[in-house]
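Asks: Here the protein sequences line up with chains G and Z, keeping their order. The numbers in my numbering rise by one with no breaks, and the one at position 949 of the first sequence is 949. The numbers in my numbering rise by one with no breaks, and the one at position 79 of the second sequence is 79.
Don't read these hints as lab results, they were simulated from the structure. Hints may contain errors.
As the list claims (entries may be wrong) - Now the stretches of chain Z that chain G is said to cover, found in silico as 3 or more residues with beta-carbon under 8 angstroms:
#1 26-37
#2 49-61
#3 64-78
#4 81-90
Stated by the list, open to error - Far from chain Z by the CB rule (all over 10 angstroms, computed), these chain G residues:
#5 Asp-196
#6 Tyr-589
#7 Pro-653
#8 Arg-698
Said to hold, decoys possible - One side of the interface only, derived from the structure: several residues of chain G facing chain Z at Cβ under 8 angstroms:
#9 Gly-609
#10 Val-648
#11 Ile-829
Bear in mind that the values here come from a model prediction, so they are computed numbers and not experimental data. We treat Cβ as the ideally placed atom computed from N, Cα and C, and that holds for glycine.
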Amino acid sequence: MIWMIVLPFVGSAIAALLPTNARNAEAWLAGVVTLVTLILASASYPAVAAGDAIRSNIEWIPSLGLNLSLRMDGFAWLFATMISGIGFLVVLYARYYMSPEDPVPRFFSFFLAFMGAMLGVVLSGNLILLVVFWELTSVFSFLLIGYWHHNANARDGARMALTITGIGGLGLLAGVLLIGHIVGSYDLDRVLASGDLIRSHDLYVPAIVLILLGTLTKSAQFPFHFWLPNAMAAPTPVSAYLHSATMVKAGVFLMARLWPVLSGSTEWFWILGFCGMMSLALGAYFAIFQQDIKGLLAYSTISHLGLITLLLSLGSPLGAVAAIFHMVNHATFKASLFMAAGIIDHECGTRDIRRLSGLFRFMPITATLAMVASAAMAGVPLLNGFLSKEMFFAEAIETHAISVLDTAAPYVAVLASAFAVTYSIRFIHGVFFGPLPTDVPSVAPHEPPFLMRFPILLLVVACLLVGTIPALTIGPFLHTAVTSVLGARTPEYSLAIWHGFNLPLLMSIVALIAGVILYLLLKDYLSRCEEGPPFFRRLKGQRIFERFMVTVSWRWARFVDYRLGARRLQPQLRLLVTVAFVAALWPLYSRGFTPGRFTLTGADPVFAGVWVLGIVCALGAAYQAKFHRLAALILLSGAGLVTCITFVWLSAPDLAVTQLLVEIVTTVLILLGLRWLPKRVQDGPTIASAVPGARLRRFRDLAIAVSVGVGVTLIAYAVMTRTPPPTIADYFLEKAYSEGGGRNVVNVILVDFRAFDTFGEITVLAIVALTVFALLRRFRPAPDSVDSPEQQRIQTAFDEAQPDRETGETIIDYLMIPAVIMQWLFPVIIMFAAYLFFRGHDLPGGGFAAGIAMAAAFILQYMAAGTRWVEDRLRVLPVRWIGLGLLLAAFTGAGSWLFGYPFLTSHSRYVDLPLIGDMPLASAIFFDLGVFSLVVGATVLMLIALAHQSIRRHRVARTIAAADEETA
Amino acid sequence: MSGVILILALTLSQMLLVAAMACAIWRLVRGPRAQDRVLGLDALYVAAMLVLLTFGIRTGSTTYFEAALVIALLGFVSTVALAKFLMRGEVIE
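Using the sequences provided together with the hints, build the complete structure.
Replies: Below is the structure:
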């Protein structure tokens, strides 16, 4: 059974990889996938018909109660067959419908993925899993509706569908979580067995409101119906599949699925009854006045789904039977009608009923098929639509709960049916009969190829067979489905065509006659009127939706941005720091705060002296930061150095080594950046002191800074003067060697215990490096730092003034000895990096430190001889280093799968190497190698991207100069 | 006896090294020229390296030598970068 879901997704992946013009290959692939799914579904019927649900369970996240549990009972089977069967027909149809210019792989890929998601929805045996697939259907329907993304309507329609169904999906998730909370399990079997518990629970009402939010949005029910007509911008095969048989059916499917558990309450009846009745009547009414064939069909779909919703709202088992029956019937006739509409569009180039007429002469077979399907839609006897409509009428007459809604039901039912007859006749009469079309883009419409018609033929034959001999065709399958939903409550029902002269039949006859009369009355008006129904033309759900979206995503967003966001760093920092301060103060204030007693035992005067120096440096850096960037940077280096000494003193040699390397590389990085910062505004201080309150603001900021700093110090002091409880650190210290095979606990944590975190972190590092690179490619420096620095200009001028000197000789002279040393140090530093790397597992060092040391080696070369010289001789290719590192880390992690261990399990042993002797070797070393490679790549990439700015400037200057010469 | 001498020598040398660091930081803070600051930073690095070495000797452990090694081998990188920045206005041309 899992294959039924996996197969479409696999097919989707393959379809995405095929070339753009492989129309036939795509169609074959999709056809085979859908057919195999259909066969798989059919093959499981005997087991399902035996009355038991088939289950399969694969553990996914058992700790959250989330398993890949699938469950197929009769109802799910019916839907799975419908999804795969109609899916196959739509694939066949789409092969002929899609034009050669369309990128077909995208279509079939999305289509198959959608089918897989839909099958997932119906076959899920776990509510959370169901929601996951539910969201997937929303996403893929978004992609499918927006398939022609160059078309603004398609984009808007897709976005609207996604927004509405996405909101509903969130509601559904919350509702499902509530159900899971009530029942204590997300397993569908458990949930279905606890109906009484759920109905009597306090959270019942919120749960059903949220779940119905999901289902009603998905099924395009009033008041969320408006996305469906807008989704008609999708290619017709998509509409035929999504908007008749699958996507919109997911909502009613879930309602029927949970019907035994949730239905029967007043809330259920009122919400669903109201929404269903409104959709039923308004959908049918709107459908009459649509000029677009697909729009007509879309509103008719809303109306029919409203009928199903209304049936489900009643809470009577017979209503549920009728609902399930009508789901199947609607899928068959509506899919065929959509396909017919697609053929008309395809042949004539328009779907406007006012422009189309008399097409019967050109395509008699299609016309006949469409007529039969429309008759089924209108509920004409001897067709399947009639049967379920009769059942609906019978249910509407019955009194279920005495209320206005219940009293109105029969009248609304007859009215909506009459409307259905009207719009069905309008569709057929307007398109196929009447004078020859005069206003049609295509000159000679003709019958489509047989295989394009074939899906319609098959579906229409199904309509006929079900309509004439229901007991022999759909009967047993329907019965299996109904019993699987209703269980012991399955009522006696009869699928016979003839029940004798009774009230439902009378209602049908009234509806048919009224519909015909209504059409005759409205005919002239309809051929002239503008789009949209009278009275409601102005009140469009779409407009309300757009207004709402603008308000939320534009006005409110702007308001929030204006109030809370600040372009400048200082107000943001002020806000952030103050909030953090208050947040930290609150618990201290409410729970009391007692720092430990202050003692001076064991104080080390040397360490204290070093710290005093560090504090001086830090204060100096803060003081100079605003106007003396270079001095501040140097002082910062001093403070950093003191931090490193502190690490050593407090026995963290690993941190010290890494921090030192980072200090050094960061200094170079900041210096590279400093060159591009704009110069200081000369009269800056005077402006600042001239502004009233500027001094006051500074004092306020100082006060904030001091109080926050003192607060952090106090907290740190309080923590340090307490004996810590046993922490996770003890565990690591204990297990590092026995389980990680390394003596350096920090490194073992990084590459073994917490390797997955490290993996995530290096991925982030790679992303950051690439982002820096990408941003710097578009970097435009401030106007005053575009020119060469002053020093260079003076030196160049000096070189040029002397006849015996060449340009650039000064720098070469000055750097003569340092450059040689720096170049000679290249192999030494690489050796040092290797040393740090290899000893990392047992002693201070490791991939990260080694990577930075290696990057420093490269940077030194750049500094010694300049970018061009180095790049002529040494191709660093940092992006490849990054890629290699990521791949290596990932493969090492995946390698442990081969031995049946979880991702990133490390294995360590001692290897006896010749000459070197016993050497500890853990598989984590390859992971560490990945870290090393990535760190080298990322660091070098960022630094060199900055360094390249100066070359680019020269290049730009040269091109400008060349252009000037040309014009001169 | 030799132990006492060693302890005394180490304490004295660490005191003096911290004093040297203080002198270097005086230059860092005072300047007056940027070149003085760069030179001060370099001296600070050297002193710090020696502090780390004496610390290693005092604790009798070799674990801390790597940090000293990093300063010895790569500490000059930031000095070079700063010097080049002062001389040429940019670090990598």
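Asks: Now tell me, hint by hint, if it's right for this structure.
Replies: Status of each hint after checking the structure:
1. 26-37: Since 5 is at least three, the answer is holds.
2. 49-61: It holds: at least three residues are needed, and the region 49-61 of chain Z offers 3 whose Cβ sits within less than 8 angstroms of chain G.
3. 64-78: holds (count 11)
4. 81-90: holds (count 9)
5. Asp-196: Answer for G/Asp-196: holds, closest chain Z Cβ roughly 68 angstroms.
6. Tyr-589: 38 angstroms, holds
7. Pro-653: 5 angstroms, violated
8. Arg-698: Holds, since 21 angstroms exceeds 10 angstroms.
9. Gly-609: Because about 4 angstroms separates G/Gly-609 from the closest Cβ in chain Z, which is inside the 8 angstroms limit, the hint holds.
10. Val-648: With a closest approach of 5 angstroms, the G/Val-648 hint holds.
11. Ile-829: Interface hint status for G/Ile-829: holds (7 angstroms vs cutoff 8 angstroms).
The earlier numbered hint that this structure contradicts is number 7, and it is the only one.
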